[in-house]
Structures are given as C-alpha cells and as structure tokens.
Amino acid sequence: MHEMSLAEGMLQLVEETARREQAQRVKTIVLEIGQLSSVETSALEFCFAAVAAGGLADGARLVIVDVPGAGRCLSCGRTVAMESLFGVCPDCGSHRLQATAGTEMRVREMEIE
Amino acid sequence: MCTVCGCGEGETRIDGVAHVHEDGTVHSHTHEHGHDHAHGSGGDLDFGAGPAHAHVPGLSQSRMVRIEQDILAKNNTYAAENRRYFDERGIFVLNLVSGPGSGKTTLLVKTIELLRDRVAIAVVEGDQQTSNDAECIRATGVPALQINTGKGCHLDGHMVGHALEHLKPADGSLFLIENVGNLVCPAAFDLGEHHKVAILSVTEGEDKPLKYPDMFRAADVMLLNKCDLLPHLDFDADLAEANARRVNPDLTVFRVSAARGEGMSAWADWVAAGLAAQGARRAESVDALKARIAELERQLAAR
Numbered sequence: 001m002h003e004m005s006l007a008e009g010m011l012q013l014v015e016e017t018a019r020r021e022q023a024q025r026v027k028t029i030v031l032e033i034g035q036l037s038s039v040e041t042s043a044l045e046f047c048f049a050a051v052a053a054g055g056l057a058d059g060a061r062l063v064i065v066d067v068p069g070a071g072r073c074l075s076c077g078r079t080v081a082m083e084s085l086f087g088v089c090p091d092c093g094s095h096r097l098q099a100t101a102g103t104e105m106r107v108r109e110m111e112i113e
Numbered sequence: 114m115c116t117v118c119g120c121g122e123g124e125t126r127i128d129g130v131a132h133v134h135e136d137g138t139v140h141s142h143t144h145e146h147g148h149d150h151a152h153g154s155g156g157d158l159d160f161g162a163g164p165a166h167a168h169v170p171g172l173s174q175s176r177m178v179r180i181e182q183d184i185l186a187k188n189n190t191y192a193a194e195n196r197r198y199f200d201e202r203g204i205f206v207l208n209l210v211s212g213p214g215s216g217k218t219t220l221l222v223k224t225i226e227l228l229r230d231r232v233a234i235a236v237v238e239g240d241q242q243t244s245n246d247a248e249c250i251r252a253t254g255v256p257a258l259q260i261n262t263g264k265g266c267h268l269d270g271h272m273v274g275h276a277l278e279h280l281k282p283a284d285g286s287l288f289l290i291e292n293v294g295n296l297v298c299p300a301a302f303d304l305g306e307h308h309k310v311a312i313l314s315v316t317e318g319e320d321k322p323l324k325y326p327d328m329f330r331a332a333d334v335m336l337l338n339k340c341d342l343l344p345h346l347d348f349d350a351d352l353a354e355a356n357a358r359r360v361n362p363d364l365t366v367f368r369v370s371a372a373r374g375e376g377m378s379a380w381a382d383w384v385a386a387g388l389a390a391q392g393a394r395r396a397e398s399v400d401a402l403k404a405r406i407a408e409l410e411r412q413l414a415a416r
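Protein chains in written order, with the numbering used here: chain A, 1 to 113; chain B, 114 to 416.
One or more hints might be untrue.
[Claimed, not checked] Which residues of chain B face chain A? A few of them, derived with a C-beta cut under 10 Å, are:
| id | residue |
| --- | --- |
| 1 | L185 |
| 2 | G254 |
| 3 | D269 |
| 4 | A301 |
| 5 | P326 |
| 6 | A331 |
| 7 | D333 |
| 8 | V334 |
| 9 | L346 |
| 10 | R359 |
Quick caveat, the hints were computed from the structure, so don't treat them as lab data.
Backbone N, C-alpha and C fix where the C-beta goes; we use that ideal spot for every residue, glycine too.
Kindly generate the complete structure, drawing on both the sequences and the hints.
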C-alpha cells in the first residue's frame, strides 16, 4: 500500500534531478532495493508508472538492483547472509540476528537525455 | 496531497480542515503520452535532434546522472526537523503502531491517566476517517489533534510537522502519536519520534511478529496487551515474545492489560524514565551553550 508513497518520493527525487540537469526526458532509473526492505518491487513499478505519467519520467524504465540481506549474529559475532528479517545463524544456531545490510531503498542513478 | 505521501492525495485533513500543499501539485494519473520522440519528419531517425544537436557514432545523446539518495529522503528530512524541534525543547515522543483493534486508544487513555499529574501531554491521532479517537483523548483533559489521512495508510513526517504547529507541545512534555492502525506501512515512515512502540494483543496470533517483521524490527518496545484474557485463550505469550525477538533481538517487552491496569505501572515508569533522560540531555546542551556563551563573553571582555 505504501508503495504509492515511495513512488511519489522517488518521482520527486528523479524530477528534481532531471530539471536541474535540464533533461528532456528520463529514460532509465536505477534503484537499489534491499532484500530486507519493506518494499514490494512489482507494486513499486506499477505505482511509479502511474505517478510518473505526463511528466519528465513518463515511461522511464526501472532497473532494480537487488541488494542481498546480511546480518550480524549477536551470539557469535559472525556476519551471515539473511533472506528474511528473522533467521538462524548457520554457525551457532542462534536466532539473535540483527540485519545490517539489505534494508536500503535508494535511487542510485538515472539515464537522461 | 502530501509531497511525501502519495496515497493520501488531497484527502489528508487535520481535524476537519483540508490540507493544501504549497506546491499545489496534482497528479491526474492519466496515461496520455504528450512528449515528442525526436523523430525526423517522414518517420526518419534524426540523431541530430537531441540537445547536443550532433551525433557522434557510439556516443549516445543520453547520459547517466548519479543520485544516490534514499527514496524516503524527503520524509526523513521532515522527520529530522521534527526531531530537532523535540530535542531542543526536551519533548519525549513515542509513535504507537499496531494493527487495528489491538487496544491502542484504550492504552493511550490509561497511560495518560497514569502520567498526566506528573507531566504535560499532547496527542496526535491518525486515522483514515472520523475524529472519534481524538475525542476519547480529549475526554481525559489532554489536548489532542486528529489527522485524517483519507486514503492514506500511514502518518508521515510532514503531517506531524503540521500537527506541531497546531498543538504547540510544552517544553519538557510527553508527545504521543497514535499512528493509523496498520502493521505494514507506518514501519517505513520516520515521524521524528524517539521510539516506535508496537502493540500486539493476545487475541491476535503469536506469529504476528514473523508475519509483519518490518514493524517489529522498527519498534524499540513491544506492549503485549489484553494479558488479562490469557486464561481464556490458547495464546502462548512466551512464544509471541520469542518470535518478536527473532525479528528484533533488542526489543523491550511489557506485558500489560490496559483495561485492567496490570503491568501498566512498569510501562508508565519506562515512559517517565525516557522523559527524564530527554530532559537531562536538553539540560546538558543548555549548560554546554551557557558555558560557551560565558567563554565567548570572557574572550570579548579580554579584548
């Protein structure tokens, strides 16, 4: 549901940059979306197409770069891969994992002309 | 429409007053394609029609621009402004989040009753529609502002900034925000609070923290509410706590019954301690500023 808000936030960043760069059109937008972030990428793509219509980013292609999740085990101190916000440390079996990577939702760059 | 919150387009109302933004942006959501495609006349491809008016083989007219910004950057800016406002005034702020029906409003009313003799309190109530909750809070004698988000599923930093203009919370006060009943969206939106407090009631499932991990990860405190009903239910409170800690190992948990009062004094003590710490931090920065002023005045006098 909040993907519409995220799409609006994204559009704002993209249009501000496009105007500053005096772009005619935004062709591609590269996003970094972490595996552990609270965003559903297909919903974000759908919402972005709707909010971008009629503006500089109308029809822009979204390239979504998945950022893998990782976390630190608070029991053994190792950094391990995480596929969801809760997991089990493969080394010591502890549930005390704290996510340290893969929670980002960033606009990395865009292609303009 | 909020510049951050797209889902409440033109629907956000602060206690019945329509909320208009300075930029007046309206996205009509039509799918007309009005832009030109720089094709030459007669369907030719004109590579010289771009902004550079030239074509170098292998070099596209388009270029890449680095942005490197969080999608929520705008909201985070509003939230940071709110947080600075709170910190400068020693105001302690909690953002209460939960699914609908967990007993947030009752819990707020009881918390206010326990603390109102010790500290000034102001409340922001977020709901899609109605001002019922703000009226419940006002009945306790504490000022409350209702924000109706319309179609919106969460409060954002900008809405809370406007609420501050209306409520003007007192220095050293407790500021409580009851977010829209929703275990998903409010997790992502910082309002400038010091802690998110997630409320889970024992009439829900023990696995809710695993089903909605974003919220329980974003929260610093979980209140397990309606614990007076435990003897009548199959709910395993230890399992619920363990599930919440799988998502967030540092979570502080209180078992309470807002309706019956059990466990509420421990929770109220935690709030009072947070408020005292916030006041101490402010006093420290005021003392540091005073020392700095005294030092500058001394330097000035020595000239």
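*Interface hint for B/A331, Cβ within 10 Å of any Cβ on chain A*: At 9 Å from the nearest chain A Cβ, B/A331 passes the 10 Å test, so the hint holds.
*Have a go at the B/V334 hint: is there a Cβ in chain A nearer than 10 Å to its own Cβ?*
violated (17 Å)
*Interface restraint verdict for B/P326 against chain A (beta-carbon cut-off 10 Å)*: holds (4 Å)
*So, B/L185 near chain A? Judge it on the closest CB pair being under 10 Å.*
Holds: closest Cβ of chain A sits about 6 Å from B/L185, inside 10 Å.
*Can we keep the B/A301 interface hint, with Cβ of chain A closer than 10 Å?*
This hint holds: B/A301 lies near chain A, its Cβ roughly 5 Å from the closest one there, short of 10 Å.
_The hint names B/R359 as touching chain A; please verify it with the least Cβ-Cβ distance against 10 Å._
Result: holds, 4 Å to nearest chain A Cβ.
*With a cut-off of 10 Å, does the beta carbon of B/G254 approach a beta carbon of chain A closely enough for the hint to hold?*
This interface hint is violated because 34 Å lies over the 10 Å limit.
*Hint check: is the beta carbon of B/D333 less than 10 Å from a beta carbon of chain A?*
violated (13 Å)
*Go through the hint on B/L346 and say holds or violated, using the shortest Cβ distance to chain A against 10 Å.*
violated (24 Å)
*Proposed interface contact between B/D269 and chain A, which counts if any beta carbon pair is under 10 Å*: holds (7 Å)
In summary, the numbered hints that this structure violates are 2, 7, 8 and 9.
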